[in-house]
Structures are given as structure tokens and as C-alpha cells.
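Chains as they are written, first to last, in the numbering used here: chain F, 16 to 545; chain X, 3 to 340.
Misleading hints may appear alongside valid ones.
[Claimed, not checked] Listing some non-contacts, in silico: residues in chain F with all C-beta distances to chain X over 10 Å: (1) Lys-235; (2) Lys-303; (3) Lys-376; (4) Gly-387.
[Stated by the list, open to error] Once the Cα atoms are required to be at most 20 Å apart in a straight line, the calculated EDC-like pairs of lysine to aspartate or glutamate come out as: (5) F:Lys-376 x X:Asp-76; (6) X:Lys-238 x F:Asp-365; (7) X:Lys-238 x F:Asp-384; (8) X:Lys-238 x F:Glu-373; (9) X:Lys-238 x F:Glu-459; (10) F:Lys-376 x X:Asp-244; (11) X:Lys-238 x F:Glu-465; (12) X:Lys-15 x X:Glu-38.
Since the hints were made in silico from the structure, they are not lab data.
Values in this document were obtained by computation on a predicted structure and should not be read as measured data.
From the three backbone atoms N, C-alpha and C, an ideal C-beta is built for every residue, glycine too.
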Amino acid sequence: MKDTLLTIENLSVSFQMGQRTTKAVENVSLYLEKGETLGIVGESGSGKTVTAMSILRLLPGSAVYPSGAIYFNGKDCLGMEDEDIRKIRGNRISVVFQQPMTSLNPLHRVGKQIRETLFLHQTISRSEADQKALAWLDRVGLKNPATKLSAFPHQLSGGERQRVMIAMALINEPDLLIADEPTTALDVTVQAQILDLIQDLQRELGMAMLFITHDLGIVKKIADRVAVMKEGEIVETNVPDLIFKAPAHPYTRHLIDSEPKGGPDLADDGDKTLLEVSGLKVWFPIQKGILRRTVGHVKAVDGISFTLKKGHTLGIVGESGSGKTTAGFAILKLNNSTGKILLGENSLNDMAGTQIRELRKRMQIIFQDPLGSLNPRMSVAQIIGEGLSIHAPGLNPEEEDERIMAVMEKVGLDPAVRDRYPNEFSGGQHQRIAIARALILKPEFMVLDEPTSSLDRSVQFQVLELLKSLQKGFHLTYIFISHDLKVVRSLCHDIIVMKDGVVVESGPSEKIFSRPEQEYTRKLIATAFH
Amino acid sequence: MKRINQERWNRFKANRRAYVSLYVFGVLFFVTLFSELIANEKPLLIYHDGEFFCPLVKDYAEMRFGGEFETPADYRDPYVMDLIKAKGWMIRPLIPFSYHTINYNLGRPAPSPPSRTNWIGTDDRGRDVLARLLYGFRISVLFGLTLTLFSSAIGITAGAVQGYYGGIPDILGQRFIEIWSSLPTLFLLIILSSVVQPNFWWLLGITLLFGWMSLVGVVRAEFLRGRNFEYVTAAKALGLSDMRIIFRHVLPNAMVASITFMPFILGGSITTLTSLDFLGFGLPVGSPSLGELLAQGKANMQAPWLGLSAFIVLSLMFSLLVFIGEGVRDALDPRKVY
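Between the sequences and the hints, there should be enough to build the whole structure, so can you do that?
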């Protein structure tokens, strides 16, 4: 050890709620040298954020510390007076959070919020502060920093907001930056830029960094050492090369193996066409004035066309706001669109609501947020069986129960738990319940709207495997909407790349990945497989 | 869901004041439901000449007991009492007056002060105040409950339709409510009650006409929020009908807010009836009513038992309802769930 900046010794953190005590972190020890980057990886709930927030004592009042000590520059952070820890916060140790929207106060201009951190820790005049803020906005790579200074947070994009957050965190030139998943909420191309920015600034300022993430790819790129956390404990700490080449702990190996890889199962090109979409448009009117005259349109989806064969998977990829989810909803007639949607011989846009309701059993959807798509007031059996009452009326309760149990087994859920409520299950299980709900109607095709992006990597892997095996078993057709190209490559036969509502590029999966024609596609692929 | 309701009930019970209030209110309401058995001029049971008579259910002519008239027997008449006692016995209720019974042998002009026969005195027409309080409490609570039930049903439906469909139904509904709620309700009630002779159902109808809007806002807000939930979209994708989505998936979210409001709506409904009665535009003349008793108390300041007893009953009732409402609100508070 040369110059230790931060030491955490045997730290345990618990949360006290009423009579119940939940252990979040157990006996975690780590150290951080000056100028070093330590990556903490782990799945959600592994205690990585709690560990980091303990350093600045930013945890809610229900947190208790049964054991351990945290030393920053030799001073005990846990035993310090409130007044003293406040002097460290934002001054010697800064934090960048995951959600750039909610970490900025929407009511104040960017400039004011940056100045505030300066005034707190330095005696400085207003004009000096303004100059410094301006310099930093420039330094974090914002275009037109002078206008950004007087902008409100909602006028900035996600990436810009995160740059402002970084400027605010670094303006006092701290010794340690805690970056808590700073790129997770951003688009892939923006993610890469922000990571580069953080690395550059770290080098310039010579500060240490504690980088928290669930993404092994990022850690590999950025960290000097990696600590792997599981259920509140650090299972392994090592340099990235060794972690990836020779993981010592089975859990680390498990994490590395869960990176999606391989391609989709082969599909027969001779299959019949199931879905034909041409000229699909979803335009939202922009209305102005008292009379709400339509002055223009937001073209969320602007004329996309594709055909999809039975048993195949079509991937729709693009960054947020590219219109991919809107397109998926339009195909299922969950919003209003113009253009042609042919499901078999049925033209969906020429049908009445009741006729479409009949057709719904043939087309189903899986949502991004698995818990949000399940009614918390209904038991699992009620959720899965709900579609039956409409599409298979006249079943008696026993038959219905049998079908529910059968479909639960198919998606890998224990039928014995069917009387429990959604909140008793984990994220992966929620998604299985949602798949079972769709599958029980024996649909022909499903729209999968980012079904794995809110899940941990290892769970993601299991859900993808399940989707693949179901596709094989039932000859299902998928439309897979995602921003995660790694996942897309492992599941999709064909891909369309969307940007601003239009298709930029389309074609078979292996062609897109090996020989992308468009600059935009190339950029997407490059950032996804750094 | 059962479990979460169990938890809520436990949390309600843990609030001693609310739980005791609910208990007291429940007992009071249950007891007053049987006011006829407690306060009545007619005996509960008569045994006369080897036969049983039940005057509560059936009218008997005085001649049946050996009297002279064919008219129904007046069981408070000493002559009739003697006739019955000569050949049998009778059981009288605890309070031998109904709400409309006029006690003619007061010995001093009405309103008479509390005495052994009239425990909290009589009103200015010689009617027993305690009996009138019992019946008055019952009719107030029954009126309040019915009004709460109907106005909640209408309010929730209107809020649900506006919130779920949004757009034109919402705009039209909201503007209508704005206009409707700005009508001067009291004057309309006064005019209406001078056109028709109001009875219980008339009053209920009129107050309902202007009182159904209290829940619309809350329910509409919950529906505006709830219709964008992913599980609602999921239900649409399953092909469920709008009705089913509303009832199954969105309405339960609005119920917590609605139920929280209900004890307060009940209190408000009772206040409406009481104030109408107080002003003389309420229930028909002679009906037992707390508002009318208050008015009598105001007119007869020399007889404080009138105003005081009505005041005590009303304030007790409203305090109980507010305590219950507080308890319900805290028990349903989602922030207290962990």
C-alpha cells in the first residue's frame, strides 16, 4: 500500500424497519489508493450502493452500523460530527448518481445549482463563481456553455444533464469521486462518451474513484481493481485481467458466463409470412392556441415496413426516443396508427375494436417493467388466467386451474405458488409470470418490449434462454424491441435499426453485425461491444 | 390482498381512539335501530284474559280489553291500563314514549325540565326529548349512510368515466361539475322544499343532486394515473373489455382514496340534514330530528336541556366520525406499509 485514501474495515450495514432488521452489507473491507479506480460490481440488491453511500453517511435514518469503520484520509467518517461530514460531502468526496433527471432540482437554473456547491465550500464572489462554473461546463464538453448556464434541467438531454452533474461533483476538485451507475440510465452511444469524459477528468485531477456498476464490460474498461459483491459481501477483489481470465470465486464465473452470447436458433426460410407491415405511421398532433388547431406532428413512427415469417424473431433496435416501442404498440393496435398491418389475412387497421379484441389471443406483449405489468392486487393464478375468461369462455374452474398449472411449468415456475401475489417474487420470476400470461392464450406472435433490460445479467440470461426454448417448442414469432445489441444478437434473425421514427438499416442479423452499412449502426455496434 | 386488508385492519385497531370510536358508534347505531323497542308508548307485550297481544305489530281496539270504544287502545290512558292489569299484565318499554307521543300530564307548561318520567325533559309540545334523540340519531345516521352510499356510487362512476376515457368526456364532465357546483345549493333547496312537501326520500334526492361531486376529483385523478399503468396496457393487450379493466384493474387503486373520504362524507351528509332541519326546510313537521331540536333550543333559551342535549349528541356523533375517519386514513396510508 503506497498512499491509502480510503479504508473500509469490516463494515456491516442493516436497515431497521419496525421490528424487522434487514442486513444489507456484511463485513465489507476495502481500501482505495490515491488516484486509483476501484470498480464494485454486483447484481441489484448486492449492497454496492449501500456500501458507497455509507462513506458519506447518505443512507436514510433507518440504517444502523453494527460493526466496522470507514477512514477517509485517516479520519473516521462514521464517528464524525454531522457538521464535519458536511464539509467533506461535495468538497473532498463527491457523488454522481444514476438518475440525471431526478438528481437536479427542476426548479432552479443549472448555473445556480453549480454555484451553490461552490458557495458551500469556498469563499468566492459571484462573478468568480460564474466564471468557474462556465469553465467547468466547457470542461465537461457541453456545447454553448454560456446558454446552458441559464438553462433549466428539463431543457437538457439526459447526457447533458449527466455532464452537468459531473461538473457539479468535480468543481471543488475532490479527492474521491463516487460514481453510482452514472451511465445506466443513458443511451449506449452517450454512455461511451460519459465514460471517456469521467476517465479523462480523473486523470487530469488525479483523484480516486469508486465506480459502482452492474455492467462487467464497463468495469473491464475503466477500473484498476474490481471488487465483486454478492448479497452484501465482497466475494473477490482483483485486477480486471485476472477477474476475467481466472475468476477465483464461482459467483464471479457465473456473472461472466451470463453475458449473452451465441446467436438465435436456426429458423426455416421456407416458413410462411405471418406479419406484414407497410408504411406504418404514428403521428401525434401538436396543438396550439385556444382552438387547439393542429400546427404540426411529432412523427414518432414515420413509415416503417417489414415482413416477418412464422417462427422468426425480428429485432427492432435504436436509442431511446427512436420510436421502437411506439412501433411495437402500433403493431398490436395499442395506439392509433395509419398504414397497413397484415396479420395473416387480417388487416388490423381496417377492423373494428371488437374484432381486434377477438384477435388479441393471437398476438401478445411482454413489457419492460415486469412488476409494473402485473396487477399487485391479483394472485399469480388470477393474473395468468385472466385472458382465459375472454378467449376460452366456458371453462370450469378445474380446467382453468389445470391450464394455469401447465403453463406455469412451461415457463419454469412452481405451480404451487400460484396463489401468491406478485410482490413475493423476484424480477426474473415476474417476467416469467408475464410470459405465462401471454403464453396461456397460445399466441402466434409476441412483441417483447425490452423484456430483459430491467433484469440483472444472470437473470436476463435465463429469461432469454426461456424465450428461445419457447420459440422452438411452440414455433413462436417474436418482435424483440431492445437497445441492448448484445441481447439482440443472441436472439434475433432479422434486425431493423430505427432512428427518429424511421428505419435506418434493416437486414439479416449476421449481416448487420458483420457488415453494417450505415454510420449510425456502426456507432451503435461499436459502443455496445467495447 | 386478504393479507394487506388484514394488516390495515390491525393498524386501525392499533389506533385505540379510532377503534373505540368505531365500537361506540356501532353500538349506538345498532341500539337506535331498535328504537321502537326502547322508546314507545305502546307496550311490548300484553297478557290479557288468557291471550297474548303484541301492540307493536298490530292495533287492537279498546273493546278487546273490555273498554268502550272501537278505536285503537291508548295504552297510556290510566283507564285502559287498569282494564288490562285487572285481567293480566303488560311489559312496557324502557321509555314509555315514542317520538311523537305528547305527554299531557306534565303538571307545568311545556317544555318541562327533566323529571322521573321524562328523563331529559320534554320539548315545547310536551314530547319526550330522550325518545326524540334516539329516533333523531337513527334517522340522521340512516340518511347520512344512504346519501354517502348513493353519492359515492355516482361520484366514483363519474370520476371513473372521466378519468379513464379522458378527452371529450373528461372536458365536458369537468365543465359541467364546475357549473353545477357553483349553483347556490341552499336557495335551490329552499325553493324546492316550498314547492314539494319534503320527506326523507325527497330530501335525499335533492341533497344527492348537489352532493355527488365530492369524490369525482379524487377518483378521476386516480384513474388518470391508473390508466397508464403497464398492467392496464397488458390487460388491453389481453383483449379485456373497458368495463372489466375499469373494475378489475383501475378501480381498486381509487378505492383506498375513496374509502378514506367516506367517514367525512358521512359527517357532511348528516350536517346537511341537520342544518336543513334547523332552518325548517328539512324533514316533515313532527319528524324526530336533531336539527329541529336545536331550533327549539334556540327558541326556548329558558329550557337549556333542549339545546344542550341536541348539542351533546351531535358533537359526540361528529367527534366519533372524525376519529374513525382519522383512523381509516392512517390505516390505509400506503406510506406506513412496510
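Pairwise hint evaluation, Glu-38 (chain X) against Lys-15 (chain X), where the allowed Cα distance is 20 Å at most: Given pair Lys-15 (chain X), Glu-38 (chain X) is violated - Cα atoms ~32 Å apart, limit 20 Å.
Given hint Asp-76 (chain X) paired with Lys-376 (chain F) - CA-CA distance at most 20 Å: Violated, because 74 Å separates the two Cα atoms, which is more than 20 Å.
Check on Lys-303 (chain F) being off the interface with chain X, judged by Cβ distance over 10 Å: holds (17 Å)
Given pair status - Asp-244 (chain X), Lys-376 (chain F), alpha carbons within 20 Å: holds (17 Å)
Hint consistency between Lys-238 (chain X) and Glu-373 (chain F) [alpha-carbon to alpha-carbon, up to 20 Å]: holds (12 Å)
10 Å Cβ clearance of Gly-387 (chain F) from chain X: Violated: least Cβ distance 4 Å, not greater than 10 Å.
Beyond 10 Å from every chain X Cβ - status for Lys-376 (chain F): Lys-376 (chain F) not clear of chain X: closest Cβ-Cβ about 7 Å, inside 10 Å.
Given hint Asp-384 (chain F) paired with Lys-238 (chain X) - CA-CA distance at most 20 Å: The hint holds at about 16 Å.
Satisfaction of hint between Glu-465 (chain F) and Lys-238 (chain X), Cα-Cα up to 20 Å: The given pair, whose Cα atoms are some 19 Å apart, holds under the 20 Å limit.
Given as non-interface: Lys-235 (chain F), which should sit over 10 Å from chain X by C-beta: Given a closest Cβ separation of 34 Å, the condition holds.
Hint consistency between Lys-238 (chain X) and Asp-365 (chain F) [alpha-carbon to alpha-carbon, up to 20 Å]: holds (19 Å)
Agreement of Lys-238 (chain X) and Glu-459 (chain F) with the hint, judged by alpha carbon distance not exceeding 20 Å: holds (17 Å)
Consistency note: the structure conflicts with the earlier hints numbered 3, 4, 5, 12.
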